[in-house]
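Undergrad: Assemble chains B and C onto chain A, guided by the hints.
Residue numbers (our numbering), protein chains in the order written: chain A, 1 to 581; chain B, 1 to 283; chain C, 1 to 307.
Incorrect hints may have been included.
[What the hints assert, rightly or not] Simulated pairs of lysine-lysine, DSS-like, Cα-Cα distance not exceeding 25 Å:
#1 A/Lys442 <-> B/Lys70
#2 B/Lys186 <-> A/Lys442
#3 A/Lys580 <-> B/Lys70
#4 B/Lys135 <-> A/Lys442
Honestly, the hints are just simulated from the structure, not real lab data.
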Amino acid sequence: MSTSTTDLTHGHDDDAVKVPLLERIPGRGSAAAWPLGLAGVLILVGGTFLSWSYTSDVLGDLSVDFYPNGVQICMIALGVAALLFLLAHRGPLHRFGEWLDTAAAVRVLGLGAVAYMVITLGIIAYQSGGLVNINPGGWISLLGALLLAASGLMLVSRQHRDPLFAKTSSWLEISTIVVLMALVLFGAAYALDIGDGGSFLLFLLFVSAVALALTRAGAFTWVGLIAQKNRPVLMLGAFAVAFLFPFTQGGSDENMSIATQVLIFAATALGLNIVVGLAGLLDLGYIAFLGAGAYVGAVLSASAFATIDWKPPFIVVVLVGALFSAMLGLIIGSPTLRVSGDYLAIVTLAFGEIFRFTMGNLDGSNGPDITNGPNGIPAIPDLAIGSFDFGQPHTIAGITLGRFANYYFLLLLIAAIIILVFTRLNNSRIGRGWVAIREDEKAAEAMGVNVFGLKLFAFAGGAFLAGMAGTVKAHHDVSVTPDQYIFLESAFLLAAIVLGGMGTVAGVIVGATILKLLPEKLRFIADYRLLIFGLVLVLMMRFRPEGLIASHRRKLEFHEDDEELAQRIEAVHLEETEVKA
Amino acid sequence: MTLTDTPPARVPTAVGKPILEARGVTMRFGGLTAVKDVDMTVNEGEIVGLIGPNGAGKTTFFNCLTGLYKPTEGQVTLSGDVLPPKPRAVVVAGMARTFQNIRLFANMTALENVMVGRYCRTSSMALTSILRGPKFRREEEATRARAQELLDFVGLGGSTESLARNMPYGDQRRLEIARALATDPKLILLDEPTAGMNPQETKQASDLIFRIRDSGLAVVVIEHDMRFIFNLCDRVLCLVRGEVLVEGTPGEVQSDPRVIEAYIGGGDDDDEDEGPATTKETL
Amino acid sequence: MTDFLQQIVNGLTIGSLYALIAVGYTVVYGIVQLINFAHGEVFMIGAFGALATWTVLFKGQTGLWVLPVMVLGAVLVSVLTAVVMERIAYRPLRGAPRLAPLITAIGISVFLQEAVRLFYPGAKSKLVFPEIDVVTGTALSIGGLSIQRAAVFTVGALVLSAALLWYFVNRTRLGQGMQAVSQDPDTAQLMGINVNRIIVIAFAVGAALAALAGVAQGLLNSNIDFRMGFLAGLKAFTAAVLGGIGNIQGAVVGGLTLGIAESMATQFIPGQFGGSAWKDVWAFVLLILVLVFRPQGLLGARVVDRA
Numbered sequence: 001m002s003t004s005t006t007d008l009t010h011g012h013d014d015d016a017v018k019v020p021l022l023e024r025i026p027g028r029g030s031a032a033a034w035p036l037g038l039a040g041v042l043i044l045v046g047g048t049f050l051s052w053s054y055t056s057d058v059l060g061d062l063s064v065d066f067y068p069n070g071v072q073i074c075m076i077a078l079g080v081a082a083l084l085f086l087l088a089h090r091g092p093l094h095r096f097g098e099w100l101d102t103a104a105a106v107r108v109l110g111l112g113a114v115a116y117m118v119i120t121l122g123i124i125a126y127q128s129g130g131l132v133n134i135n136p137g138g139w140i141s142l143l144g145a146l147l148l149a150a151s152g153l154m155l156v157s158r159q160h161r162d163p164l165f166a167k168t169s170s171w172l173e174i175s176t177i178v179v180l181m182a183l184v185l186f187g188a189a190y191a192l193d194i195g196d197g198g199s200f201l202l203f204l205l206f207v208s209a210v211a212l213a214l215t216r217a218g219a220f221t222w223v224g225l226i227a228q229k230n231r232p233v234l235m236l237g238a239f240a241v242a243f244l245f246p247f248t249q250g251g252s253d254e255n256m257s258i259a260t261q262v263l264i265f266a267a268t269a270l271g272l273n274i275v276v277g278l279a280g281l282l283d284l285g286y287i288a289f290l291g292a293g294a295y296v297g298a299v300l301s302a303s304a305f306a307t308i309d310w311k312p313p314f315i316v317v318v319l320v321g322a323l324f325s326a327m328l329g330l331i332i333g334s335p336t337l338r339v340s341g342d343y344l345a346i347v348t349l350a351f352g353e354i355f356r357f358t359m360g361n362l363d364g365s366n367g368p369d370i371t372n373g374p375n376g377i378p379a380i381p382d383l384a385i386g387s388f389d390f391g392q393p394h395t396i397a398g399i400t401l402g403r404f405a406n407y408y409f410l411l412l413l414i415a416a417i418i419i420l421v422f423t424r425l426n427n428s429r430i431g432r433g434w435v436a437i438r439e440d441e442k443a444a445e446a447m448g449v450n451v452f453g454l455k456l457f458a459f460a461g462g463a464f465l466a467g468m469a470g471t472v473k474a475h476h477d478v479s480v481t482p483d484q485y486i487f488l489e490s491a492f493l494l495a496a497i498v499l500g501g502m503g504t505v506a507g508v509i510v511g512a513t514i515l516k517l518l519p520e521k522l523r524f525i526a527d528y529r530l531l532i533f534g535l536v537l538v539l540m541m542r543f544r545p546e547g548l549i550a551s552h553r554r555k556l557e558f559h560e561d562d563e564e565l566a567q568r569i570e571a572v573h574l575e576e577t578e579v580k581a
Numbered sequence: 001m002t003l004t005d006t007p008p009a010r011v012p013t014a015v016g017k018p019i020l021e022a023r024g025v026t027m028r029f030g031g032l033t034a035v036k037d038v039d040m041t042v043n044e045g046e047i048v049g050l051i052g053p054n055g056a057g058k059t060t061f062f063n064c065l066t067g068l069y070k071p072t073e074g075q076v077t078l079s080g081d082v083l084p085p086k087p088r089a090v091v092v093a094g095m096a097r098t099f100q101n102i103r104l105f106a107n108m109t110a111l112e113n114v115m116v117g118r119y120c121r122t123s124s125m126a127l128t129s130i131l132r133g134p135k136f137r138r139e140e141e142a143t144r145a146r147a148q149e150l151l152d153f154v155g156l157g158g159s160t161e162s163l164a165r166n167m168p169y170g171d172q173r174r175l176e177i178a179r180a181l182a183t184d185p186k187l188i189l190l191d192e193p194t195a196g197m198n199p200q201e202t203k204q205a206s207d208l209i210f211r212i213r214d215s216g217l218a219v220v221v222i223e224h225d226m227r228f229i230f231n232l233c234d235r236v237l238c239l240v241r242g243e244v245l246v247e248g249t250p251g252e253v254q255s256d257p258r259v260i261e262a263y264i265g266g267g268d269d270d271d272e273d274e275g276p277a278t279t280k281e282t283l
Numbered sequence: 001m002t003d004f005l006q007q008i009v010n011g012l013t014i015g016s017l018y019a020l021i022a023v024g025y026t027v028v029y030g031i032v033q034l035i036n037f038a039h040g041e042v043f044m045i046g047a048f049g050a051l052a053t054w055t056v057l058f059k060g061q062t063g064l065w066v067l068p069v070m071v072l073g074a075v076l077v078s079v080l081t082a083v084v085m086e087r088i089a090y091r092p093l094r095g096a097p098r099l100a101p102l103i104t105a106i107g108i109s110v111f112l113q114e115a116v117r118l119f120y121p122g123a124k125s126k127l128v129f130p131e132i133d134v135v136t137g138t139a140l141s142i143g144g145l146s147i148q149r150a151a152v153f154t155v156g157a158l159v160l161s162a163a164l165l166w167y168f169v170n171r172t173r174l175g176q177g178m179q180a181v182s183q184d185p186d187t188a189q190l191m192g193i194n195v196n197r198i199i200v201i202a203f204a205v206g207a208a209l210a211a212l213a214g215v216a217q218g219l220l221n222s223n224i225d226f227r228m229g230f231l232a233g234l235k236a237f238t239a240a241v242l243g244g245i246g247n248i249q250g251a252v253v254g255g256l257t258l259g260i261a262e263s264m265a266t267q268f269i270p271g272q273f274g275g276s277a278w279k280d281v282w283a284f285v286l287l288i289l290v291l292v293f294r295p296q297g298l299l300g301a302r303v304v305d306r307a
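Extracted from the complex, chain A is given alone in its bound form (with noise of 0.2 Å):
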């Protein structure tokens, strides 16, 4: 192990620069560097449960002896996996080490162990006015932290094998995925219940030391892989877990609005991310669809201001929101998908500014009464389908169930069902046409593929689900206005799936519920959230344009000149390919 001999074949992109900085560590590949991890983890978990803090009013309360709180905890999650590798490394646990980077990870997990403790006892200082009232505990684990980022730099790696050709069980692969569900629920869960900004943003923080860890590990080559293979158990395992969400919630209707706003949002930038991720085309009036589909509900809801007296049920209601946003789509998609892509976006732009100019305008004096102009229509009250009412509280299973929890899972329902036309879609005639289509669009048309009629479909498709959405948004947020659709939303859904993944379900799920959850919670970001959107946008398309969780396909395209990339990822479908037969 203290040769270098052993350290090799990755073909992680940045590796290849890394490695000479990493060469150059003293004290690398030293026999001591493994029992100094240990040490590190010992020190780290160990200052857990002494205070932190002197006064207790700083991130939760981090001045109790012994009983360590979330931020605490964290830490203490931190270690655990710090110790699995370096046990993966070497000791009982060292079959893994084969497989996996485990240097990396300890790397990784140690320098964010480090960044953690820094901003943590940061906060600490900062809030309760100077470093004073750090205790000792915080130091400790300080420096547990510093010793574990020491270890993970002198650490080799003794990974020679491609975690893509490991070999596993179907009930090590299926409990890993429940292990990975539950962990979701219980994160999701515990993310929406911290109270102040400090310690999201700290968890926030381990989340991703963790997520880095791992990936940089290679596990994920891994988990992707039987992803791919069990992939039924995934999506039943996805929304066991959705499903599950609002019984962990008791009755809080805090969180449960939070969470329904997120699953609109998701829901949304889901079907934008058809538009985007599989036709590729950039719809930037996505939110006028979604407002469409809003308006309609309202008009032909029972509220007092609705200015259409014909009342049918809802899910006529739900059908005619969905007809009108894709007539509406055709309308503007006709003319201009036919002339080149860039203009769609302006034109889409125009039409997200048309659709709310004459939202506004439609008030009687401008126009025909419809909506009320700029006041929009208020007062929509709460869906009842059959004998459920919407607005009122269900108990199951001795779990009160409040109002937002009944739109969730109508909301959750209509998630599933674009998911479901989304990957169907995406794996089908239709979807190689869209990928043909952003390869190549004349050798598309060459080829025999239906260019503008699959792109026209896209784009109507899209605001048909987006109507379907926006007809329940309308009941949900009980007003509907012009101004709730304007062009940063747009933006903002665009944000969503450039951050997440453009083409990807989880990605968008993932991309919205961080770009939804954090103004939430970062109370003092909420002023500059559209600059960091903006920022974001400008990096990502930079740095990562595929997005956080990427698809294969999107990958490859936005890295054309990448030849190991493409390599790789051919590797890694012909091995998806195999598992699958």
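TA: Leaving out everything else, chains B and C in the frame of chain A:
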């Protein structure tokens, strides 16, 4: 136009009735006439070559045939039906093409590329695709099977799941042919199928073209490599400055002094992939 | 008749504004086939640059001599913004799929708007633009027509810039280099033209005209707002498409046409759908109609298909 002089080896298995007829095709870009009054007939089961120095308008003529350009004058009929100048309609009517500079869907696998070629011969629409009914499954299965069959036919049966962009150059050319064949054409147009190939690959290409012909298709080939084209074709058209200079059997065209003049200085033996460069000097 | 002429005057005024901004879209599109969506914000930043120059250097003064310095300040800020964004955001994306620069452009646009809103003192609400002697104040009255003084400035700015631009593009080496790059960047590069430099210049030229438009807008409306770039940018793009994108004369013609069409719609569309509440809607409807019936624009797009 006589075929009587053709050596027996080149006699097509069965020369049937005309399948493609181009009449008086003229293409002007502003003041420039790139193609002028070109007539071409291709019969069933025939391999027709289109030669000519660089800039003679071969590819422009191809683009007129396949609907990429709308000819200024003239018309093109396939099996008696006038072709509209729309690439997709042309494919649906039964004429497919390859491109001079390979235009594969680089980030799709070989199989997927060929499956895209099946697009216009399959019909699963949105609802079927979403609901995954038996019809969808059957059609998807058939598409896959046909694509695999075509990959085997062009000799790429082993590279089914390779990304197109990772494939060697020669394989990419063959993949493009498989993709075009997937549209079930009656006639296939190959734009410089051997550009950039070594002699062995060129040999394989001409074998492949013979096999395509033997499967009942008519073939039109644009090529610079004279030796390749004279060994391959039943009939050759030589295009110079947008006009048909000579039309006839390879033997006739080869010995025609005007053709030799048009190609002067350009060795017709050794210009595997630098045909354009050598002919350019003569223009 | 007076109504008609009055609307022509109004249309020419607003049209000149659109034309000044539209040139920026068209020049950049002609050269790199990029819809620089953030160009509207460059216009907005120009207006704020002028205001900042005035606030810092001349607060309280109204002399006409202040105006050139304000314009200079506006141009400097706008050009700097445009050049920096080209360098750090767009240049690395050349050769990337078309979606990437478009998304970047939206990101920049949102970022710039928010940056001004958050960091320019008082910009969260409308800011008063200074009154300048001669170019603001009581409207001129000629033969029953009322002509805003700032309108004269706006139209004059357009005429002057159009003349300078024509000279630059057709009579200078750089301008000819620009034409060469827009025809065929690869060959231009081979011929020794520094393509990167030409692209930066295209951005800078567009930004300078947008800055001028920003000042004009401030004088016309006597207040400015961090949101003003969005709609103006969209209108200017419409103008560029209307005239034929990539075509500089087209941008001018398109801008004026759009301005007049808008004014006429306000005046002459009868009933509830006329009036200023709908004029933006009609402008965009015009954009869609142009794309349906004449996608190459009035004077023809000058974009080479490089597929």
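Undergrad: What's the verdict on A/Lys580 and B/Lys70, does the C-alpha distance respect the 25 Å limit or exceed it?
TA: 47 Å, violated
Undergrad: Would the hint linking B/Lys186 and A/Lys442 be met if the CA-CA limit is 25 Å?
TA: This hinted pair holds, its Cα atoms lying about 21 Å apart.
Undergrad: Next pair to validate is B/Lys135 with A/Lys442; report whether the Cα-Cα distance is within 25 Å.
TA: The given pair, whose Cα atoms are some 30 Å apart, is violated under the 25 Å limit.
Undergrad: Within a Cα-Cα threshold of 25 Å, do A/Lys442 and B/Lys70 meet the stated pairing?
TA: 15 Å, holds
The structure fails to meet hints 3 and 4 from the earlier list, while all remaining hints are met.
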